[in-house]
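For this one, chain S is given, so just place chain Z on it according to the hints.
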Amino acid sequence: MERNPARPLTDEERTNVDEVLAGLGFADTTPERRHLLPALHALQAKQGWLSPGSLSYLADRMGLAFPDVWGVATFYAMFRTQKPKGPRVQVCNDVSCRLRGGEALLTAMEVRHGPPYRFTGAAHSPAGGDGVMGDSVATDRLVIDWEAVPCLGLCDVSPAAMIDGRVIPNATVAGIEAAAVKEGREFVPGPPVYPPAATASAPEVRRLFARVEHVDPASLADYRRTGGYQALLQAIAMGPEAVIAELEQSGLLGRGGAAFPAARKWRAVASAPGVHWVVCNADESEPGTFKDRVLMENDPFAIIEAITIAALTVGAEEAFIYVRGEYETAAARLENAIRQAEEAGLLGNDVAGSGRAVHIEIVRGAGAYVCGEETALFNSIEGRRGEPRNKPPFPTEVGLFGGPTLINNVETLANVPLIIRDGAAAFRQYGTARSTGTKLFCVSGQVQNPGVFEVPFGTTLRQVLALAGGVAPGRRVQAVLCGGAAGTFLRPDQLDIPLTYEDLQAAGGTIGSGALMVVDDSVSLWQVVLRVADFFREESCGQCVPCRIGTQRQWEIVARMAAGRERPHDRQILHDLGAVMRDASLCGLGQTASNAVLSALPLLEKGMEA
Amino acid sequence: MSVTKTGTVTIEVDGRPLDAEEGATVLQTLRRHGIDLPTLCHYEGLTPASACRACVVEIEGARTLVPACSRPVQNGMKIRTNSERVRRARKMVFELLASAVDTSTYPELQAYMREYGADPARFGDDVARVSEPVREDNLLYVRDYDKCILCYRCVEVCGENAQFTFALSVAGRGFQARVDTGAGTPLPDSRCVFCGNCVAVCPSGALMPSIEYHMREAGTWDEGRQQVTTTTCPYCGVGCPLELHVQDNRIVKVTSPRDHPVTYGNLCVKGRFGFAYVEGAATAPVAPAATGRD
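Protein chains in written order, with my numbering: chain S, 1 to 610; chain Z, 1 to 294.
Next comes chain S alone, as it looks inside the complex (with noise of 0.2 Å):
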């Protein structure tokens, strides 16, 4: 590749990118592609920002085009390209937390520090990228650049916040600046921000949250203590078909939110030709959705074990998992977890004994949501830009890297070991004859104690919010988001639906991840349904038409009905736009982006004013 040309660069840009690259591993050598996504991580956690002489000169380096460095750059919203004053304060902006007290807390920051800065996705700004962040003037206090961010996945602390990684649950605007003040970019993991209850109560079951609060994350001997290790021991004995098979007779179907038999998945994958991948879809970002963050928080060695285990069976000798940027703690429980299994030999060269390898590695995205589609992950570990691919070809066929490639959520490879160890019949015995096992809901909103709570499939929708406490006194509930922002709203007459797919795919909705947004009978159901087409006008990849220009149009047509100013066919154009991007759309995000819009329709008969 042709060096790019020559841009403004000073020497510490120069040397921070050199030390990024030694850090890497590549003191002399050309980095591959797919490091680029790492190395934009650790230039940024050392600059604070990505500057475009420092990224003109990583393109250099890396043998890659500077538009196209600039490109991904600016696809990612965690990446900054204009130089922030202080420490990365984000607070929440979606649907959960502004139920819980996030509404006030915006509108108090705004007050204190000025308008939030919002990832718009402009692809340089006008000044040519080396602006400064924010507009707020600097006085004798302490004034802070804010974000308004889309959901960080802790809506049981709601309403969150973060700086520079760490989590501020039940966050407050003194609670934010006293954080803020101390800056100090050097991330320490905390304590898995899970409050449990301590003992389960009915419906509620124990299987994949069995260790949660019982065993230290960070140990392997408490993993092994709790019958950890032994579906691995298992799965090699049994060889794969076995394996295969016994997940075939569970009946185990995709918790990521598409449902897909995951049998299915690993067949395909083990009989296709060329070198096989396999990878962990831990970038949860569905709204409302924080169960995977619970998972990998509290039994990573369960994630790294199913990794190992679907590897060894589909074939593949290199792993990674996709974890959500935001997760810092996830990610680094993660990491401790991959280093003891492989100095326990449970991972690495010989796969306990087997004779086999398995390597693990773990990457972390950048702030997009559209990353959560299979293939745009793809391109978002190939160090691309996080644009989805068109389908077919399927992963199973051509999937990372071009290879036939396993990718499973979390939650359902959570699922795995259990399987293995227990036996598929009694994962059966929780569920239904369709939906069987377990499911992980996470309860949020208007609720009285949000938090997961595991079930099995077929509890009502009234029995898991009870769980978390219903709604405060005195108050109903109106609606509950189901499925996340891609998900349906589902009404107060249908609280006691029983929570399977069957169930929800009769009644127009989904299951989705899991997501359950309650709002209760005192917020306008106008506020909710506008965040929501906001959230997805701001995670568009911009790839296709119906999306990138249909959520934008489907926001702005939402809003000025908020508002009250609704035109005569408004209602049509949104039902048209809707089935043309759920029918047209290139990917799922846009296939789903109206779900929520269209079903809140008929429970809204006029704007907030009216």
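These are calculated hints, taken from the structure and not from any lab test.
Predicted, not measured: the structure shown is a model, and the values here were computed from it.
Heads up, a few of these hints could be off.
[Stated by the list, open to error] As a list, the in silico DSBU-like pairs of lysine-lysine whose alpha-carbon atoms are at most 35 Å apart:
hint	chain 1	residue 1	chain 2	residue 2
1	S	83	S	46
2	S	391	Z	270
3	S	85	S	46
4	Z	91	Z	78
5	S	391	Z	91
[Said to hold, decoys possible] From the derived model, a few chain Z residues whose C-beta atoms are all more than 10 Å from chain S:
hint	residue
6	97
7	134
8	169
9	174
10	210
11	261
Think of the CB as a built atom: it goes at the ideal place given N, C-alpha and C, for glycine as much as any other residue.
Frame of chain S; chain Z shown alone:
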């Protein structure tokens, strides 16, 4: 795109059986049989971006509509090319685009809009548009991203599909995504080599040779009065075929035939822009290095 001819399969199109070459796309197959579909981002020879979704068709058994430009045919495939569902999607695609970008130099899109009865005004008159300033930072071509439909053609032709210059990438995200030279770098300072192949593949007039751009501005551009003369580029030994577009006895544009096995429509800066010497006058473009930038 290369087509591997491994055999013939049969598909059903709008109830009619048709033979198809295995490995060909649905679009290639339909066009070979004289059935046309609207396309915007598609450009034969470039990797299909499948981004505009204008060519979507209904395939039996598929949950969503399918872009014909990239989907390979399969034996027994049943396709509906013009159903209500398909037309609704195409109409919406045209409406969305026209509500966001300037279509004034995009006659094909205007024709599709008439054919499908598209009404972009129905979203309201206060909706966000792409709204980009005209970028004229060199004397050879003008970039008016207000007209850009993000078809990815320029990015592909500048990169792995032809030129391997990699001067362009899509930057940003969502409604704000734009074709970019990297941090908005002016073209003369960028990786651009001014081959103009991006201009040649741009469907919407977002990229336009400066002469054409300014003649259109002045209202003097008139393709009806232009003659096209074919000749061979004299600069080097490759011998690229040139098409000289001449209006009022002046060369106003140079292209190369898309179906020619030497160029496939591509040229270099000399062939595409270096024709000043023909007229021997100082009125024609000069090299980018000599230009100022705004």
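Evaluation of the provided hints:
no., hint, result
1, S/83 <-> S/46, "holds (13 Å)"
2, S/391 <-> Z/270, "violated (40 Å)"
3, S/85 <-> S/46, "holds (14 Å)"
4, Z/91 <-> Z/78, "holds (22 Å)"
5, S/391 <-> Z/91, "holds (23 Å)"
6, 97, "violated (6 Å)"
7, 134, "holds (15 Å)"
8, 169, "violated (4 Å)"
9, 174, "violated (4 Å)"
10, 210, "holds (22 Å)"
11, 261, "holds (27 Å)"
Of the numbered hints given earlier, the model fails hints 2, 6, 8 and 9; all others are met.
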